[in-house]
Amino acid sequence: MSIFVDRNTRLLVQGITGREGAFHARQMIEYGTAVVAGVTPGKGGQKFEGRVPVFNTVADAVRHTGANCAVIYVPPMAAAGAIFEAVDAGIPLVVCITEGIPVMHMSRVMPFVRSHGARLIGPNCPGLITPGESKVGIIPGNICTPGRVGLVSRSGTLTYEVVNQLTRNGIGQSTCVGIGGDPIIGTDFIDCLRAFQEDPGTEAIVMIGEIGGTDEQRAAAFVKERVTKPVVGFIAGQTAPKGRRMGHAGAIISGSSGTAEEKLGAFETAGVDIMRRPVDVVALLEKRLGALSKR
Amino acid sequence: MSIFVDRNTRLLVQGITGREGAFHARQMIEYGTAVVAGVTPGKGGQKFEGRVPVFNTVADAVRHTGANCAVIYVPPMAAAGAIFEAVDAGIPLVVCITEGIPVMHMSRVMPFVRSHGARLIGPNCPGLITPGESKVGIIPGNICTPGRVGLVSRSGTLTYEVVNQLTRNGIGQSTCVGIGGDPIIGTDFIDCLRAFQEDPGTEAIVMIGEIGGTDEQRAAAFVKERVTKPVVGFIAGQTAPKGRRMGHAGAIISGSSGTAEEKLGAFETAGVDIMRRPVDVVALLEKRLGALSKR
Amino acid sequence: MNLHEYQARALLKTAGIPMLDGDVASTPTEAEAIARRLGGKVVIKAQVHAGGRGKAGGVKLARNTAEALDHATQILGMQIKGLTVNKVLVVPAADIATESYLGLVMDRESQAPVFMVSSAGGVDIEEVAAKTPEKIVRLAVDPTYGLLPHQALTLGFSLYRDFNQVKAAARIMEQLYGVFTGNGCSLAEINPLVTTPAGQVLALDAKIVIDDNELFWRPELGLMRDDSAEEPSEAAARRANLSFIKLEGNVGCVVNGAGLAMATMDLVKYYGGEPANFLDIGGSSSPEKVINALKIITTDPRVRAILFNIFGGITRTDDVANGIVEATRQFKVKVPIVIRLTGTNESEAIRILEKVGMTALSDMDEAVQRVVQLARKAA
Amino acid sequence: MNLHEYQARALLKTAGIPMLDGDVASTPTEAEAIARRLGGKVVIKAQVHAGGRGKAGGVKLARNTAEALDHATQILGMQIKGLTVNKVLVVPAADIATESYLGLVMDRESQAPVFMVSSAGGVDIEEVAAKTPEKIVRLAVDPTYGLLPHQALTLGFSLYRDFNQVKAAARIMEQLYGVFTGNGCSLAEINPLVTTPAGQVLALDAKIVIDDNELFWRPELGLMRDDSAEEPSEAAARRANLSFIKLEGNVGCVVNGAGLAMATMDLVKYYGGEPANFLDIGGSSSPEKVINALKIITTDPRVRAILFNIFGGITRTDDVANGIVEATRQFKVKVPIVIRLTGTNESEAIRILEKVGMTALSDMDEAVQRVVQLARKAA
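Protein chains in written order, with our numbering: chain Y, 1 to 295; chain L, 1 to 295; chain D, 1 to 379; chain A, 1 to 379.
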């Protein structure tokens with residue numbers, strides 16, 4: 001079992017003929033994801049890799065292929081428009097990989113996403129993967145293995161680092177979700193925690209946060225109230241200075257708010273086991289799950 | 001019984017210190033409507049007529065008086081803003097009397113009204129009245145009398161003409177609603193037909209349409225499918241030329257669409273009794289209701 | 001308010017929509033000069049608010065400057081559907097590969113601006129809509145988000161196969177949407193939108209209607225109004241803040257409220273008469289308005305009898321009575337007047353009328369029957 | 001991107017927000033001339049991207065032109081938090097009746113622009129927020145509808161009792177919202193918003209932060225960037241498209257990915273070291289980027305050892321290895337380098353490194369412990 005994506009995910013790739021889009025489309029196809037369509041305006045009628053049909057519009061692609069998930073690899077200046085298009089075409093799950101979308105664009109996209117009842121993951125995220133079933137985005141498939149630990153993270157390579165630790169130690173994952181490092185994102189920790197809590201295939205949850213904002217604090221409160229499964233947490237940026245944007249547009253301590261201490265304190269209050277180092281994830285999970293999870 | 005307004009209506013008047021607003025607020029108070037507040041920015045703290053408190057904002061007024069209905073008498077340049085304000089403050093029923101609001105403004109107001117679950121009546125309408133209980137707007141109270149006929153109309157004085165015929169002939173009204181003569185209005189014939197159909201206090205319905213648009217045609221289809229109560233209908237503008245705006249911004253035949261013949265044809269198909277003259281309303285209702293309605 | 005083609009073109013041009021160069025002329029020699037500047041082969045187009053200009057001889061192709069002068073001489077001053085042509089538009093004659101239709105209209109049903117796009121352009125779009133509705137692509141724009149990029153592209157794809165033309169059309173859609181919202185339009189139309197043999201996408205003819213309610217905010221647009229293009233009595237009524245439309249009958253009507261005014265006209269017809277006009281004096285009508293209304297109606301020599309139908313709500317019937325008395329004092333009304341009034345201050349109104357020997361009825365049906373009879377007698 | 005106060009003022013002024021006249025000067029005599037034009041009694045304000053200018057002596061009141069010259073001479077060229085003052089703003093000294101705070105910030109939680117308004121202005125608003133949060137009125141604006149008129153008025157009422165001041169403030173809110181959305185701001189702040197004894201409402205000081213992601217669309221704003229107001233190595237990194245922040249430690253870090261970069265810094269600290277920087281070379285990193293990264297890090301004399309921590313996903317670890325080899329060929333790196341890499345093309349990367357006698361670790365913990373040890377030894 002898993003959250004958000006699985007064997008039934010029929011994926012459409014927006015920007016499939018671009019450099020990034022083409023590279024990752026191939027990777028996803030190789031992994032076994034059902035990539036059913038691509039969209040690049042003006043290239044409708046072509047076939048990607050000789051077999052994935054390319055359409056001019058998302059609406060066309062949905063009509064002809066029944067795609068139910070879209071992943072976006074278009075440049076930042078067109079990315080908000082791509083989200084609007086996917087949602088407008090009735091796609092229920094839209095994953096936006098693109099980094100560098102103006103926050104103002106996202107503030108106009110989100111009411112549209114919500115009023116259409118769609119889910120957006122990202123932007124500026126690595127996407128998500130249900131190991132062995134469906135990879136949507138750019139998380140390297142080879143570092144993942146199926147299992148019963150759900151992982152949610154604001155980061156990209158730090159996620160890989162942690163997933164890699166899990167896999168190397170025989171701890172498989174139900175689904176790994178990168179929610180993205182921007183200030184405004186479509187799916188937050190709480191959305192993923194709720195889904196993992198409800199997913200019978202998930203036994204424990206790993207939560208990788210970072211400085212900036214209050215998402216982790218609210219997530220911790222949610223864990224305390226609603227999550228009965230064990231949760232292990234990490235916060236990156238304990239040594240980050242105040243007021244500086246640490247790469248991610250969202251990783252910035254404003255005044256005294258959004259610090260690592262504040263977030264770790266919230267974790268502690270909520271009974272979330274704290275990883276001091278990425279490698280700690282293995283020991284903490286093994287302690288909480290025992291041998292059971294090692295399947 | 002009645003629709004939309006009754007004894008429990010706690011009315012707030014936007015623009016209560018203006019010429020129109022003050023005049024009609026007095027008339028509504030005289031009629032017995034519970035006018036609980038007025039709003040005029042900058043005049044907060046005053047009392048209208050020595051007893052109705054005036055507030056700077058609708059939110060303030062709602063907080064202090066529990067108003068649950070707003071009627072708007074502000075100039076066209078501020079009217080759309082007044083609707084936004086009332087809806088934003090959580091008022092569930094907003095009645096806009098103002099004539100001359102740009103249609104573009106209304107096209108931006110309506111998604112806001114809908115997404116907030118509010119009902120707008122108008123603009124450019126005479127409002128509504130539940131005889132003996134609550135008068136919201138400008139329909140003269142003295143021509144109405146309580147009873148069991150629901151009336152819905154796109155017009156003002158033509159409504160009075162018909163209501164007057166009813167009252168003079170002893171046929172009382174449950175509620176009379178003027179939905180307004182503009183191209184974009186908040187509440188249409190179907191909304192009112194549905195409400196009258198569900199209202200146990202309404203036994204028959206009078207529907208007064210005019211040329212322009214397709215609201216009457218869709219209403220007729222609705223009558224055919226869903227309305228079991230007798231419906232009597234009138235269409236003004238049989239002698240109107242094409243392409244000319246007959247006073248009301250909405251009363252215009254575009255091409256071959258929106259003509260009186262088209263609408264009367266739809267009435268006929270739906271089994272709506274057609275009034276050829278305003279005076280016919282009495283005979284048609286008496287035929288359908290018998291002596292019963294004369295209460 | 002309708003704009004002339006040359007005025008609509010100016011708004012489109014400001015928005016950056018690609019068009020052929022062209023200019024407006026009030027005299028044949030001006031037209032000739034423009035034609036010379038444009039290379040001789042031009043189209044001369046009458047600027048009047050009337051459909052069917054072409055069939056009426058108001059649009060002509062000139063193969064050279066001399067012909068341009070001839071055609072302009074013919075067209076300027078000609079009458080089309082009762083309106084005099086005071087201006088002509090002179091534009092280069094374009095080589096055309098394809099013709100499409102592109103319209104944006106404030107749609108009452110979807111309560112939003114709606115694009116109507118068809119590759120079957122150049123002809124009457126209503127004909128296309130009636131006979132082959134599948135050839136029209138409709139797209140409603142949520143005004144809170146505006147025209148989204150993919151929507152513009154989708155419309156472009158519905159017109160062209162060449163991606164450069166698709167993008168050019170999409171850009172024009174966005175620009176047209178900007179013109180529409182930026183100027184408070186109820187209609188903005190490009191017909192035809194053409195492609196040239198070289199592949200360029202151009203707007204050839206434009207039509208814009210401004211929502212009258214917007215003019216208060218946009219006095220600069222109000223200045224574009226061409227009084228000479230209106231029925232003179234309608235222009236006079238507009239200046240007097242009366243809602244008035246001239247018709248062909250002989251029963252003048254003065255009514256308060258648009259719905260009641262239409263119903264009154266219908267009732268005149270029902271009883272065998274013909275209304276001479278639609279006239280709504282509005283809600284809070286002063287005696288002044290009544291005087292102006294009577295002035296305008298009595299200038300129509302066809303009018304044989306006049307009906308006042310006033311249902312007093314906000315309108316005070318005594319105001320109306322005072323207006324009638326004052327008007328008949330100021331100028332002689334040569335045709336009979338039938339007055340029906342009821343409602344607010346009715347008895348006071350009757351007193352005012354009776355003082356000068358006039359009477360009033362209280363029943364609409366009775367009043368209409370009476371005025372129709374009088375008009376018939378006088379005809 | 002932070003704007004200087006004088007730049008922020010220019011954007012506000014363009015939007016019509018009422019402000020005192022003022023101008024920016026680069027030399028004391030320029031400042032003196034401005035002061036003379038403004039009547040002598042002025043405030044001289046250092047234009048640097050640092051808080052606490054006042055306490056540092058960067059803001060001074062001059063009672064006359066001579067004092068203005070003196071103060072400008074003192075302030076120009078002074079250092080505030082390591083930054084040199086190259087420009088001063090000269091504005092008239094205003095008579096102030098009340099001081100308020102007016103801020104508009106892109107709020108991540110409400111996913112919308114949020115107004116923060118307080119009649120307790122002039123001081124540090126975060127202090128107000130922490131101690132007396134009830135004194136701050138917050139209002140989220142739905143960007144699909146924009147700031148609605150009643151919202152602006154409500155904010156105005158939260159500041160003033162006088163209705164003219166309320167309306168003036170509401171207008172300023174609308175103008176500030178226009179500045180915010182029109183320039184892609186993440187913050188737009190007026191502090192203080194003052195009333196004069198005569199009742200006028202004025203913006204006295206302004207702060208604007210532009211979302212870096214907007215600069216691609218808005219090259220005209222990018223031109224406002226003041227490189228001299230940045231850490232030189234950070235400016236160099238930005239020009240090389242590297243995400244880099246200088247810190248005080250001695251362990252240089254080159255990492256791919258922002259989260260992993262922060263986690264690496266944290267781990268350095270965990271093992272007793274001090275990171276010298278944050279550096280994210282990004283996803284698809286070319287050898288070129290690695291060379292630039294090494295150049296920038298090695299200019300810091302405090303750096304005693306350098307750690308590469310690369311988790312190859314999109315990033316090809318062989319690209320990184322090639323970059324390291326090429327860099328050490330181009331210039332001598334005098335401090336030890338510890339390389340950790342794993343993932344895409346890992347074995348190829350190791351081959352490349354081994355060819356030049358370098359080695360790589362695959363475990364992050366081990367690599368961090370090693371580099372901390374090396375830095376300690378070298379210190």
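Derived from the structure by calculation, the hints contain no laboratory data.
This structure is a prediction, so every number in the text was calculated from the model and none was measured.
Be aware that a few hints might be false.
Said to hold, decoys possible - With the Cβ distance kept under 10 Å, some of the chain L side facing chain D (calculated, not the full set):
#1 T40
#2 K43
#3 M110
As the list claims (entries may be wrong) - With a straight-line Cα cutoff of 27 Å, these simulated DSSO-like cross-link-like pairs (lysine-lysine) come out:
#4 A:K55 - L:K43
#5 D:K269 - L:K287
#6 A:K41 - Y:K242
#7 A:K167 - A:K135
#8 A:K55 - Y:K242
#9 L:K242 - D:K207
#10 L:K43 - A:K81
#11 Y:K242 - A:K167
#12 D:K55 - Y:K47
#13 A:K135 - Y:K242
#14 D:K269 - L:K242
#15 A:K334 - Y:K47
#16 L:K242 - D:K81
#17 D:K135 - D:K81
#18 D:K167 - D:K55
#19 L:K242 - D:K131
Claimed, not checked - Computed Cβ-Cβ distance ranges for the label pairs, DEER-style:
#20 A:A235 - D:R36: 37 to 43 Å
#21 Y:R7 - D:T132: 42 to 48 Å
#22 A:E126 - D:R161: 57 to 63 Å
#23 L:R7 - D:R302: 37 to 43 Å
#24 Y:M77 - D:G222: 25 to 31 Å
#25 L:R10 - A:R138: 27 to 33 Å
The beta-carbon is built from N, C-alpha and C at its ideal position, and this holds for glycine as well.
Taking the hints in turn, this is what the structure says about them:
1. T40: Nearest chain D Cβ about 20 Å off; hint violated.
2. K43: Nearest chain D Cβ about 23 Å off; hint violated.
3. M110: With a closest approach of 5 Å, the M110 of chain L hint holds.
4. A:K55 - L:K43: violated, 43 Å
5. D:K269 - L:K287: Judged against 27 Å, a Cα distance of about 26 Å means the pair holds.
6. A:K41 - Y:K242: violated, 37 Å
7. A:K167 - A:K135: Holds: K167 of chain A and K135 of chain A sit about 21 Å apart, inside 27 Å.
8. A:K55 - Y:K242: holds, 20 Å
9. L:K242 - D:K207: holds, 18 Å
10. L:K43 - A:K81: Given pair K43 of chain L, K81 of chain A is violated - Cα atoms ~50 Å apart, limit 27 Å.
11. Y:K242 - A:K167: With a Cα-Cα distance of about 37 Å, the restraint between K242 of chain Y and K167 of chain A is violated, given a limit of 27 Å.
12. D:K55 - Y:K47: Not OK: K55 of chain D and K47 of chain Y at ~50 Å, beyond 27 Å, violated.
13. A:K135 - Y:K242: Roughly 25 Å between the alpha carbons, so the hint for K135 of chain A and K242 of chain Y holds.
14. D:K269 - L:K242: Roughly 17 Å separates the two Cα atoms, so the pair holds.
15. A:K334 - Y:K47: violated, 53 Å
16. L:K242 - D:K81: holds, 15 Å
17. D:K135 - D:K81: Given pair K135 of chain D, K81 of chain D is violated - Cα atoms ~31 Å apart, limit 27 Å.
18. D:K167 - D:K55: Status violated; Cα separation ~35 Å.
19. L:K242 - D:K131: holds, 20 Å
20. A:A235 - D:R36: 37 to 43 Å: At 59 Å between Cβs, range violated.
21. Y:R7 - D:T132: 42 to 48 Å: holds, 45 Å
22. A:E126 - D:R161: 57 to 63 Å: Hint holds: Cβ distance 58 Å, inside 57 to 63 Å.
23. L:R7 - D:R302: 37 to 43 Å: About 54 Å separates the Cβ atoms of R7 of chain L and R302 of chain D, which means 37 to 43 Å is violated.
24. Y:M77 - D:G222: 25 to 31 Å: Between M77 of chain Y and G222 of chain D, where Cβ atoms are some 39 Å apart, the hint is violated.
25. L:R10 - A:R138: 27 to 33 Å: holds, 29 Å
In summary, the numbered hints that this structure violates are 1, 2, 4, 6, 10, 11, 12, 15, 17, 18, 20, 23, 24.
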